[in-house]
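Residue numbers (the working numbering): 636 to 844.
Because the hints were derived from the structure by calculation, they are not lab data.
Check each hint, because a few of them may be wrong.
Pair ranges (Cβ atoms, derived) [to be verified]:
1. K752 - K782: 37 to 43 Å
2. L669 - L729: 19 to 25 Å
3. L751 - T724: 33 to 39 Å
These figures come from a predicted structure and were not determined experimentally.
Idealized CB from N, CA, C, for every residue including glycine.
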Amino acid sequence: MVFAYLAGRINSLPMIPALFLLLSAVAYRVTMGLLVHSGATWLSNFTPLAAIALCSAAYFPAKYKFTVPLIALFISDAVLNFHYGAALTDPLILCRYLALALAGCIGLLLRSRASLKTLLPASIVGSTIFYVITNAFAWLTDPGYAKNFAGLIQALTVGLPQYSATPSWMFFRNSLLSDLLFTLLFVVCMSFGRNAARSRTGTALARVA
Numbered sequence: 636m637v638f639a640y641l642a643g644r645i646n647s648l649p650m651i652p653a654l655f656l657l658l659s660a661v662a663y664r665v666t667m668g669l670l671v672h673s674g675a676t677w678l679s680n681f682t683p684l685a686a687i688a689l690c691s692a693a694y695f696p697a698k699y700k701f702t703v704p705l706i707a708l709f710i711s712d713a714v715l716n717f718h719y720g721a722a723l724t725d726p727l728i729l730c731r732y733l734a735l736a737l738a739g740c741i742g743l744l745l746r747s748r749a750s751l752k753t754l755l756p757a758s759i760v761g762s763t764i765f766y767v768i769t770n771a772f773a774w775l776t777d778p779g780y781a782k783n784f785a786g787l788i789q790a791l792t793v794g795l796p797q798y799s800a801t802p803s804w805m806f807f808r809n810s811l812l813s814d815l816l817f818t819l820l821f822v823v824c825m826s827f828g829r830n831a832a833r834s835r836t837g838t839a840l841a842r843v844a
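Assemble the whole structure, with the sequences as input and the hints as a guide.
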């Protein structure tokens, strides 16, 4: 239902495969969020949040560049936080959205020349920005970290001792890999959608002729 509504609002055939991929990624994020807390710690943070913001801003029509990904991610946050009894107004969530907005701004800058050649490196930058901002925020707010340079490095590399099974570097590795994979698939979906639209237009013109 959500997919049909958004597809109708965006009203663009080339966007439909990419939009379906985006919503699938959000559904995957919710599923992984539930599985990770059920013991699948190796999947921690294998969710392409920065890439969703980056690619949406690079390809979607102007009024949907930020609204579609942010609303989709907000819904997934609401589902996960409700399941675990966490507050939706957690400052870390607001920090995360700020980081995603910055990743979206990179996509906005690349909108006129969006391609694998530009978006894959941008995805690495977006992943890094997201990771540094969210982990630096954890360093500032979590009393377990020493408020010095060594504490910041700890937050960016190994994290707190009680979370040794999932060190911080693992979160970055997983988010980077998922962002690169999503970006690759998103660009492929956009190419497929555009080719399908051109083929459809050509068929329609042939029938008229």
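Against the structure, the hints:
1. K752 - K782: 37 to 43 Å: Distance hint for K752, K782 holds at roughly 41 Å.
2. L669 - L729: 19 to 25 Å: holds, 23 Å
3. L751 - T724: 33 to 39 Å: Once the Cβ atoms are compared, 38 Å apart, the range 33 to 39 Å for T724 and L751 holds.
No hint from the list above goes unmet by this structure.
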